[in-house]
Amino acid sequence: MQDLSLDELAALDEDGFRRHVRGWIEANYPLEVRHPTRRLHWHENRPWYLALSRKGWLTPGWPREYGGMGLDAARQLVMIEEMERFGAARVNDMGLVMLGPMLIRHASEEQKRRFLPRILSGEDIWCQGYSEPNAGSDLAALRLDAADEGDHWVLNGQKTWITLANDANWIFVLARTNKGGRKQEGISFLLLPMDSPGVTVRPIVNLDLHDEFCEVFFDNVRVPKDMVVGEVDKGWNYAKALLGFERIAIGSPKLSSSGLARLRALAAAMGKDKEPAFLDSYARFSMELADLKALYESYVERLKRGEPIGPDVSILKIVQTELFQRITDAMLEIAGGNAGLLEPMEEGLHPAGSFLLARPSTIFGGSSEILRNILARSVLDLPA
Amino acid sequence: MPATATEERAEALRMIRDSAAVVVPPDGGLGRVRGLRFTLPGIDPAVWRSMGAMGWIGLRLPEEAGGAGLGMAEACALLEELGRALVPEPLVAGALSARLLAAGGDTALLPALLAGESLVLTAWQQSADSLEAPGDREGARLFIPMAAAAQAFLLPVREGGALALYAVEGVRPETRRTQDGGHVGSLLPDLAAARRVAPNVGEAMALALDEAALGTAAYLLGLMERCFAMTLDYLRQRQQFGKPLGSFQALQHRAADLKIQLVLTRASVEGAAAELDAGATGDARRALVSRAKARAAEAAMRVTREAVQLHGAIGYTDEYDIGLFLRKAMVIANAFGSAALHRARYMRCASHPGAA
Ligand SMILES: Cc1cc2nc3c(=O)[nH]c(=O)nc-3n(C[C@H](O)[C@H](O)[C@H](O)COP(=O)(O)OP(=O)(O)OC[C@H]3O[C@@H](n4cnc5c(N)ncnc54)[C@H](O)[C@@H]3O)c2cc1C
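Those protein sequences? They're chains A and B, same order as listed. Under full-length UniProt numbering, the first residue of the first sequence is numbered 1, with each subsequent residue one higher. Under full-length UniProt numbering, the first residue of the second sequence is numbered 1, with each subsequent residue one higher.
Isolated chain A, as found in the complex (with noise of 0.2 Å):
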């Protein structure tokens, strides 16, 4: 197969492209799991992330001039179809989807020089370090305590819930550098390496019995100075602006697109694709999902017109996440007594598997409830 330059790729017509990525996607992808109902860990994602970025196609959605491909949302979205259609396994993604696109807004130009290469690369792997026990919904409530000692700040505290922070080996974290004033204020944006003296991590096993999200806990950990992004005790902005970006990657109709496709292909293994029950509820699902879609593209639009991403966005989060449940709700209702099993029914299907996975979409990244409110006050405008 051929190897096109991004001008090259960016001179094919859409369906060409989509042949195009189609067919390097079945030619190199390196992994034996296709379709995997977990997120995997990076000891096994690493070769697929590795060879998306040999090709230079980690970053769809990046500018050029950071390494990313610069396409337009039409053409990221095929890449997400064609990535989804053929089951490839989700990388891990933070310092792609969220973290990057992030510092390329609101870092120092020394600190996207230092970082975003690093992330092209695989060297970095980045997790976000939010939520706290009492700081989940109310995140501005969180306490990770960063005191100041002059050249470098010393962090004390916990965060919780940190998606694959045992696979990580840098944390962004939002601490609290000073104690006056509002909640909102006095939290700054660190980054630190995970192996700082005083970092430890400790797993939690979850509903799927997989050691995905970890508790992290901070005695005494150093932080450089030069290690904020943006101002100091303003990081709630930049907290927000990459929520922003969180809130655009959940809305990918990736997981619904790919649930669908199972959801067709459980119906034919129980015999049940062509009665019509199934078949109105496949095609309500589907042409939820094209309009999915539709609103997706609009917001990687705006994103990629570097326009500033507004509270609006809950709804794209909204209506992926629910979706996707839905879907995996009407997984378990025809799989029968399949709905049970701890592990795949067969080779690629899983309706226990993808309905778990599922589950926590609607908490993380903001929960439904917390986005209807924001809703509901930042963008209808009612009374408090």
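Each hint should be verified, as a subset may be incorrect.
[Claimed, not checked] With a cut-off of at most 25 Å between alpha-carbon atoms, the simulated BS3-like pairs for lysine-lysine come out as follows:
#: 1; chain 1: A; residue 1: Lys112; chain 2: A; residue 2: Lys304
#: 2; chain 1: A; residue 1: Lys234; chain 2: A; residue 2: Lys179
#: 3; chain 1: B; residue 1: Lys243; chain 2: B; residue 2: Lys259
#: 4; chain 1: B; residue 1: Lys243; chain 2: A; residue 2: Lys183
#: 5; chain 1: B; residue 1: Lys243; chain 2: A; residue 2: Lys179
#: 6; chain 1: A; residue 1: Lys272; chain 2: A; residue 2: Lys112
#: 7; chain 1: B; residue 1: Lys243; chain 2: A; residue 2: Lys240
#: 8; chain 1: A; residue 1: Lys240; chain 2: A; residue 2: Lys183
Hints in this document: simulated from the structure, not taken from any laboratory.
Please arrange chain B with the ligand on chain A, whose structure you already have, making use of the hints.
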């Protein structure tokens, strides 16, 4: 019923609920249940013996057959209590086998089963979603709950117009683990090695499956009641934004909606049990059972799903108990027929669907 008879019945139901304390710890603790997860055979034989000693395995059998002669209302009350505590010993499946053995006049396996000294399971299911025993001589028998714990299996086998009953001992079913920490087994019927117990248990099979479906609905009812109560406790305790979660109106409405589901499920399950006890048979019985099972399956999934959501991230951990309810519901919501199967059966059996 005269007032005194009604009171007596209510007292009997209270007693049977209280008797569940024999296998359910007073604080409802789930330590024993956790300890058995992902082990084989996955049940505690001593608990199974207690269930036998309490007369639960033969609860529905007439006294002449060695049973307790109690009604579906009592069976459902008991199963609801077991569901609250996520008891893994397969009482519904064991009672189903007892019904078939009693109907077949068996004296070899029944006494030990009723005493809880052995576990006999019925290998009736041949497709993933079903409430009928086709009785194929060759077809694999699937989804036998806790099969590794059984000493013997009953095989319904179609012979002409009749459904004969065979028994096999000493077979080792293949097992697959389930989300609740239990397992389901499958086996290929080996009739050469089996003993023919009775020439026709067709009627008893249909009744036993209906009772098992209704019993499963009652178990689901107990499961969701407890899960809901734990969620309300959590909404009262957990604070965010300086207030208990339960003070947020959006969550109050969610709780209210779940309560509605619980009340409807109870009305459906208890109503069906009462009507079966009052003599409902045939299509009337099938419609009642299907209504209750469809409701219970959907409500249980909804309540347990939302319970996890309302707990936030902690609900998505294995170490916190709320997820055990969701994962049990995933395993039994479709047992003895999914909601869709029961909706379809309801349309075939109800005398005036929609009007009734
Ligand atoms: C799988 C998973 C991965 C995660 N990964 C990360 C990660 O990588 N990094 C990180 O920092 N965090 C992560 N989180 C944490 C996530 O951000 C929090 O779970 C989330 O913010 C909710 O907080 P909480 O779990 O404390 O729930 P709570 O805030 O206690 O909320 C419990 C319930 O109450 C509802 N609720 C709360 N307040 C209100 C209100 N005012 N009105 C109505 N309803 C309300 C919530 O919606 C939820 O249903 C992850 C969580 C999960 C489940």
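A quick look at each hint next to the structure:
no. : hint                   : result
1   : Lys112/A with Lys304/A : holds, 18 Å
2   : Lys234/A with Lys179/A : holds, 13 Å
3   : Lys243/B with Lys259/B : holds, 22 Å
4   : Lys243/B with Lys183/A : holds, 16 Å
5   : Lys243/B with Lys179/A : holds, 21 Å
6   : Lys272/A with Lys112/A : violated, 52 Å
7   : Lys243/B with Lys240/A : holds, 23 Å
8   : Lys240/A with Lys183/A : holds, 14 Å
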